[in-house]
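**Q** For reference, the chains in residue letters:
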Amino acid sequence: MNAMTEPVRVFLVDDHQLFLAGVRAELGETVDVVGAASDVDAAIEMIRERGPDVVLVDVHMPAGGGARVISEVGRTHPHVQFLALSVSDAPEDVIATIRAGARGYVTKTIAPDELLDAIERVRSGDAVFSPRLAGFVLDAFADIAPAAADPELEQLTPREREVLRLIARGYAYKEVARDLGISAKTVETHVSSVLRKLQLSSRHQLARWASDRRLI
Amino acid sequence: MVAGVAAGLADAFGLEANVVRCGFVVLALASGLGVLLYGAGWALMPPASEDTPGRENEHGDAIANVAFGAVVLGGLLLVRAVGFWPGDLVVWPLAAAFAGLALLAMRSGPPAGANDLPDWQVLRRLPPDAADAVAVLVGTRRGALARIGAGFACVAIGIAVFVVSADSWRALRGAVIASLAVVVGIALVVGPGLSRLVHALVAERRERIRADERADMAAHLHDSVLQTLALVQRRANEPREVVRLARMQERELRGWLLGGDAPAAHPASSLGAALEEVAAAVETEHGVPVEVVRVRDRGLEGAEPLLAAAREAMMNAARHSGAATVSVYLEVETDRATIFVRDRGKGFDPDTVPTDRGGISHSIVGRMARAGGHATLRSTVGDGTEIELVLPLAKVDEQEPAPTVEEHET
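As given, the protein sequences belong to chains A and B, one line each in that order.
Letter 170 of the first sequence, counting from 1, is numbered 170 in our numbering, and no numbers are missing.
Letter 2 of the second sequence, counting from 1, is numbered 2 in our numbering, and no numbers are missing.
Treat the hints with caution; some may be incorrect.
Derived DSS-like pairs: lysine-lysine, alpha-carbon spacing no greater than 30 Å straight-line [as the list claims (entries may be wrong)]:
| id | chain 1 | residue 1 | chain 2 | residue 2 |
| --- | --- | --- | --- | --- |
| 1 | B | 346 | A | 174 |
| 2 | A | 185 | A | 174 |
| 3 | A | 174 | A | 197 |
| 4 | A | 108 | A | 197 |
| 5 | A | 197 | A | 185 |
| 6 | A | 185 | A | 108 |
| 7 | A | 108 | B | 346 |
| 8 | A | 108 | A | 174 |
| 9 | B | 346 | A | 185 |
Computed spacing ranges between beta-carbons, pair by pair [stated by the list, open to error]:
| id | chain 1 | residue 1 | chain 2 | residue 2 | range |
| --- | --- | --- | --- | --- | --- |
| 10 | A | 30 | B | 236 | 53 to 63 Å |
| 11 | B | 253 | A | 64 | 16 to 26 Å |
| 12 | A | 178 | B | 301 | 30 to 40 Å |
| 13 | A | 157 | B | 378 | 23 to 33 Å |
| 14 | B | 334 | A | 49 | 49 to 59 Å |
Simulated from the structure, these hints should not be mistaken for laboratory data.
Even glycine gets a Cβ: it sits at the ideal position worked out from N, Cα and C.
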């Protein structure tokens, strides 16, 4: 695609120096790492200044975490795309980061080539759902589905559920496409649509899901 | 002289002790202020160290206190005789109130260390700062309660006599002014020192709690993370082993952070949690990461065959597939629980596997069938394997057992 034109300009935000160095080393050759920050305020300022294509952002940080970086930068620089990268297991944190505007969520154990793939996908405006995120989303919508009286809450379509289930089972997008007999582009469309519903659906419903989930 | 106040003050300000004593006497004769100051000084003065004669034990203290009381009494009588006297009804209640306050403000012995602060039930109900302050004020000696009681009694008597006897407006006004002066004076003299002391002790106690927490955490990290890191360094040329160690440690640390001291101490109570445990065990045993994704959960009871079959499927994938990771997906719906175990390994042709090979036909397919469910195997050479396990559920107990409502009709 546009891989021929210019390498992706990537910015890293993580309060863990060791991890920053590791990701930088992994990505160094194929993408243009334009900067890194290890706290929220510095990150917001530097991202606004340097205007990267994609920001890899940690979910857990002092002073508001990744969600704050995403929402603050998103207000002024809507073209910057965010991919959350975290070891956090807590579903409510992950969902909060997605709702702040991240285009996807992957765990830090992701293989380098998969991470590069995810960055490219986020750059071109697609959504990146790791199996874990797909599971969280299914869980969230499954829980609030039965009481579907809330018109504010858009339900997932059966097809979207199928796609999410396959992703949660560990299928790559093209494997999902093959299994369902649809094109990879259609899979992308479904996933993006789920992301949009997740970002727009009623805060109240998701908050309830998150607090229920915490109790389990 | 009496309680060493003059000498102590002289020490503190570098004056001759006798000069200070004379000052007190003059002040006492003039208005009683000297007595007040002397008393306040005595109550506040840090106890002399062990080797100072006359102050080494409580018994000595008591004698000194009585002597001091006598001297104050004598001084007051003297002032009365001299004629500089606002009136019996004003002075005696004031004296009683002051004695009470002195008793209350008095510290017995060395300031109670934060370690031996009393730990009464009452204190637990107060906000921590207030509790600390009370504990510090009260001290820990056994006489503390008696002292407080006596102090309050004196104050109460003083005030009562005052109120009852103030029959004329003029006397009342004098009395109010005098008592205000006493209160302000005491607050000025006692307040700063007391509040410093309380703050210091509260801070000390906090610091100690924090230090304890740090020590706990350091101990835990030492036993877990540092040990693992040492192992990782020693086995740096065995990538698979390093991954296994790192994953194991990650799981342990995460469990600890998310709030259990001993996550393994109690057996998993839900199907999802049990599945995670099984996955962790397989991962540890074979060095292949097993990723579990769960959508909703239910109690473990009744789902044991499903769990056992899933374990067998994970073992097969980890042992034979050669895949880098194994993906496990659990979804609980109202009428069934489904588990997928998938690897992107070398796969095999199901038709070529001898039907008597125990792993799949007996442990997985047979087990699921006996439990009323079924297992489906899909495998392609070069593309990996996926096993689907479905167990139908009785409708009642999804996530948490539905409350059983018993209705008695009469």
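**Q** Enumerate the violated hints, using their earlier numbering and listing them in ascending order.
**A** 10
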